[in-house]
Amino acid sequence: MADRAQTGISSLWKGMSLTIRHLFTANGKRKVIPASSDNYFKQLEGTNTIQYPKQSLPVPEVGRYQLDVEIDDCIVCDLCAKICPVDCITIDSIKATELIGYTSDGSPKRIHAAKFDIDMAKCMYCGLCTIVCPTECIVMTNQYDRSVFGLSDLTYEFSDMTAEEAKEKQALLDQQLAERAAAKQKKDEGGSAV
Amino acid sequence: MDYGLKKLSLHGVNIYLTYVLIGVGLFAFTALFALFAVYAERKVSAFIQDRLGPTETGKFGLLQTLADGLKLVQKELIIPAAADKILFMMAPAIIFLAVYMGFAVMPWAAGVAPTQLNLGIYYIFAILAIETLGILMAGWGSNNKYSILGAMRSAAQIISYEIPAGFAVIAVVMIAQSMDMQTISTQQGILSTETIKCLGFWNVTKIGGIFSWNILRAPHLLVAFVIYFIASLAESNRAPFDIPEAESELVAGFHTEFTGMRFAFVFFSEYSMMFLVSMISVILFLGAWNTPLPNIGAVHLADWTTGTAWGILWIVLKTLALVGVQMWIRWTLPRLRVDQLMNLCWKVLTPLAFICVLISGIWRVYLM
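So the protein lines, in turn, are chains E and H.
For the first sequence, our numbering gives the first residue as 1, with consecutive numbering after it.
For the second sequence, our numbering gives the first residue as 1001, with consecutive numbering after it.
Among the hints, erroneous ones may be present.
Only pairs whose alpha carbons sit at most 20 Å apart, straight line, appear in this in silico SDA-like list of lysine to any residue [stated by the list, open to error]:
id: 1; chain 1: E; residue 1: Lys-122; chain 2: E; residue 2: Thr-97
id: 2; chain 1: E; residue 1: Lys-31; chain 2: H; residue 2: Leu-1052
id: 3; chain 1: E; residue 1: Lys-42; chain 2: H; residue 2: Ala-1093
id: 4; chain 1: H; residue 1: Lys-1075; chain 2: H; residue 2: Ala-1093
id: 5; chain 1: E; residue 1: Lys-29; chain 2: H; residue 2: Asp-1050
Since the hints were made in silico from the structure, they are not lab data.
Throw the hints in and build the complete structure from the sequences for me.
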């Protein structure tokens, strides 16, 4: 009986002293340190809460978060759309009638991207598209906390062409193709005539 | 008998007006205290668990409970279809009134008490027992199995714990030879008209301070204080004795079905009860409104810190400290099982309380 009373009192004291210690160290606010820090898994002193919008944990440099496309550097090779395991990238391409320009790494651009949509609701953040991209124009950013009201808002549109421009380029292409076809036909006719 | 009232009433003011003023004042105080205590409880629990608690509403989240209250006022008052409407609607009022009326005999300073009753401590025990009735009405009237289980547990618990609490109080009453809260208070400081001996041999009538408090006047009352404090936790349904509302088993126990202001009143009464039982502990054991500072030679600390304003300050500070301990206990200890609860009451606290009564008798006869 006396034994049990003593165990009871000593364990009571142990618990009570533990909680009071936490009560009085609570003025220490959580310091935000990256996961790569050596102290990241250390027992914390003071409160533990990260006050999210005001504070946030730094994301690692190689972290895989939302995609971004630098459309000026894109050569519309369609590799990213082909490798995507969940088919979340949709690209409509229009061949240019002449050389459009060069990307920042010097690759020639010959195709217009009439549409370059990435559906972030489907994206599984594997990062394969960033690996295959020859001009490194598709990258993963450190943006991870975007929320939207409609599901369609999660489809990010990266193409900088308007519908009219696309139509115009398409018309130019059609015209060029028609000219070429006509030229070829003429050539063929001439050849057979000879 | 109405000494306290006369002191508070102004010349020519109708006595009934004074009654109403005191009633309203006490109500305002309990409401204000409940607001403050809920906020304090949330902060204390948060800090103990390394969280932050409310931070967004007002500076440091100070307006959080006000916002909660505002929300509760707007809520619909739902009465379950199968409920006993009269019992269900009356229960929160009875629970709150029982606690609120307990404040009627509480002395706040020398000569300041809503009413000075020569059966003060007896009255408090009687009026607090009515709270059980309210809880039973709430549980039965809700027609909900969780509510009735909670209410039954509450009744069993409160009735059991009144025995050790009662005997701990009897131990004090035997030493003080009075049931009047104001007389018990006056005896524990320099305003005492009789000789006060610390530990039974050291005359501290002129020294006062902590040495003339009941726990040092007769040291076995320290044990009685611990018994009363534990029993008071059980009576106010606080953890680790919160089995009547055990969230993990009974949803919310007897107040499961209550919404809006009815729920607010049940909640109010829990926090008022915390303050009331702590105040009773302070009055019976910890020197009531007397200063803890003794007169030391030429330094008359006790004389300097005695007075009406000082009295109110001391009693509020001591009571709030005990309320803090109640919160500290709540967020540390796990809930007792029903059989453990009864074990503690009948096999530990009740015999110890009997021993305290016995020692009080011997103390009174041989050492005072």
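Open item on the list: Run the distance test for E/Lys-122 versus E/Thr-97: straight-line Cα separation, threshold 20 Å.
Closed with: violated (34 Å)
TODO: Please work out if E/Lys-31 and H/Leu-1052 have their alpha carbons no farther apart than 20 Å.
DONE: holds (14 Å)
Open item on the list: Hint check: E/Lys-42 vs H/Ala-1093, CA-CA at most 20 Å. Holds or violated?
Closed with: Not satisfied, since the Cα-Cα distance of roughly 51 Å exceeds 20 Å.
TODO: For the pair supplied as a hint, E/Lys-29 and H/Asp-1050, confirm whether the alpha-carbon distance does not exceed 20 Å.
DONE: Satisfied, since the Cα-Cα distance of roughly 10 Å is no more than 20 Å.
TODO: Compare the distance between the alpha carbons of H/Lys-1075 and H/Ala-1093 with 20 Å, and conclude whether the hinted pair is satisfied.
DONE: holds (18 Å)
In this structure, the hints that do not hold are numbers 1 and 3, in rising order.
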